[in-house]
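Undergrad: As they're listed, the protein sequences go chains A and B.
Sequential numbering of the first sequence, starting at 107, is according to the numbering used here.
Sequential numbering of the second sequence, starting at 320, is according to the numbering used here.
Since the hints were derived computationally from the structure, they do not count as laboratory data.
Heads up, some of the hints might be wrong.
Unchecked claim - Below are the EDC-like pairs computed for lysine to aspartate or glutamate, each with C-alpha atoms no more than 20 Å apart in a straight line:
1. A/LYS352 / B/GLU384
2. A/LYS414 / B/ASP348
3. A/LYS230 / A/GLU198
4. A/LYS268 / B/ASP429
5. A/LYS313 / A/GLU262
6. A/LYS268 / B/ASP348
Unchecked claim - Chain A is nowhere near these chain B residues, computed Cβ spacing over 10 Å in every case:
7. GLY326
8. ASP334
9. ILE338
10. LEU366
11. TYR372
12. ALA390
13. ASP407
14. HIS418
15. ILE431
16. ASP432
17. ALA433
To be verified - A few chain B residues that face chain A, going by a derived Cβ cut-off under 8 Å, partial list only:
18. MET340
19. SER359
20. GLY382
21. VAL398
22. GLY405
23. ASN406
24. LYS423
25. PRO424
None of these values were measured; they are calculated from a predicted model.
We put the beta carbon where it would ideally sit given N, CA and C, even for glycine.
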Amino acid sequence: MPNNDSKSEDQKSAEAEVEDFQDDLGPFVVAAETTRMAMVFADACEKDNPIIFANDSFLELTGYAREEVLGQSFNFFMAHIDDEAALALIREAFEGLSEIDCEIHYRRKDGSKFWATLFVNPVKDDDGDIIQYFASFVDLTAYKDEQAQSRMLINELNHRVKNTLATVQSIVSQAARGNTDSQAMRKAVETRLFALSRSHDLLSREKWHSAGLVDVIHDALAPFGAADERARRVEINGESIRFAPKAALALGIAFNELATNATKYGAFSSDAGTIRIAWTVEPSSTGRRLLLVWTEKGGPAVATPLRKGFGSQVIERGLAHELDGTVQLDYRPEGVVCTMNIPAPESEIE
Amino acid sequence: MSDLLSGRRVLVVEDEILILMMIEIILEDLGCQSVTGAASVEKAVSLIESQVYDAAMLDMNLGGEDSSKVADALSKRGVPFIYSTGNDRRDMTERARDHAVLYKPFREADVIDALTQLLS
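All chains, full assembly: derive it from the sequences and hints.
TA: Dropping the structure here:
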């Protein structure tokens, strides 16, 4: 903006007017200058309503220096100066006719844009004529950011709900295919829904950042009595490691299916069987990998099933598909052994 | 109408195994020759570049990642495809214009109809 030499006559007269104005309204001007609300006074009598006073908060909000603002048209920092709808709103505000919040898109000196609510009070002289407009601006940046954030969260929630419904649909349709008996079908659906629900509980507790592997295993095994009398028959051995939500969910589903199989045919189907879950994290050419072995012992003699059920497929394919891992399910006579090799987080997830 | 699908090789790009398994069963019941699953953009693109498919079903969102690179790879190889999504119908303007979209959860009949139209 102009230096002193190039100041127009208009600018000089506007500034003179501001000085008069400050003299007239001394204490009030001090208050307006120090408030955190961005404020300006504009001349109601001149064309384009030049700004004759701007407080520090206004300068902070818009990034301009005071001399760049004084004498400028009231609308000089609109983001779109030809926005007819916004101009109409401002005219209504000037006339004191606004019935809705007057939200205007403005532009800072650095070119960045922001929304602000404009409040205008016409200032009248003794004859009742409007001589000035007293305008204040409430920055809506934080509010608009919050709105965008909440829209994003709603979309994300909607996406998750729809995917979960499709997952449930899959669980039901596979249970219907695999079981002719309605009781068995109900049980198959229930077990898996509860496993999904527990995995969600775990992640909710952790605010959907990550979940510890030990917790994932405990939560998956809990409904199979692993928390009480079977606890002493389960050995968990491995360093604490945290997985992102997607991996934690996939692992939860896999352990639930392993425990279901163990309860039906394996180590948990007898009084003496044991399950050992042990893992290490190893470096590899494709980054760190989790190598986990689930070993059942002491249960009834195991025979390889003739047909791979839904559960075995989920165990073998789930982690392979969702996490780009490899999973091997061996039906050894002395007990089932499941070997998992999946990518481990490169650095500790908080 | 299922004749259209019999003997076809279909790529299903879907990151959740349970949903993939359900789609596989539907497609196998229709007589598709092969159903291949892919969970990530990277895996899907490498399959599209190395294998031949008659049709594909593509989730718009793969583990938080937008799948438009997979759509580009399919278009480049001339593989017709339909989208699947957990997104809201209102958000689907751009991409839904050129391709049928199945909104999760979808019915078996919706899958059959969409693929039949795609291949006829």
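Undergrad: None of the hints should be skipped; say for each whether it holds.
TA: Going down the list of hints, with the structure as the test:
1. A/LYS352 / B/GLU384: Roughly 13 Å separates the two Cα atoms, so the pair holds.
2. A/LYS414 / B/ASP348: holds (18 Å)
3. A/LYS230 / A/GLU198: holds (17 Å)
4. A/LYS268 / B/ASP429: holds (16 Å)
5. A/LYS313 / A/GLU262: holds (14 Å)
6. A/LYS268 / B/ASP348: violated (24 Å)
7. GLY326: holds (23 Å)
8. ASP334: violated (6 Å)
9. ILE338: Violated, since 5 Å does not exceed 10 Å.
10. LEU366: holds (13 Å)
11. TYR372: holds (18 Å)
12. ALA390: The claim holds: B/ALA390 sits with its nearest Cβ about 18 Å from chain A, beyond 10 Å.
13. ASP407: violated (5 Å)
14. HIS418: For B/HIS418, whose nearest Cβ neighbour in chain A is about 18 Å away, the distance exceeds 10 Å, so it holds.
15. ILE431: Non-interface label stands for B/ILE431: nearest chain A Cβ at 14 Å, farther than 10 Å.
16. ASP432: Correct as stated: the minimum Cβ-Cβ distance to chain A is 17 Å, above 10 Å.
17. ALA433: About 15 Å separates B/ALA433 from the closest Cβ of chain A, which puts it past 10 Å; holds.
18. MET340: This interface hint holds because 6 Å falls under the 8 Å limit.
19. SER359: Holds, because the Cβ-Cβ distance from B/SER359 to chain A comes to roughly 7 Å (cut-off 8 Å).
20. GLY382: Holds. Min distance 6 Å.
21. VAL398: violated (21 Å)
22. GLY405: holds (4 Å)
23. ASN406: For B/ASN406, the interface hint holds, since the closest Cβ of chain A sits about 6 Å away, which is under 8 Å.
24. LYS423: holds (4 Å)
25. PRO424: holds (4 Å)
In summary, the structure is inconsistent with hints 6, 8, 9, 13 and 21 from the numbered list given earlier, while agreeing with the others.
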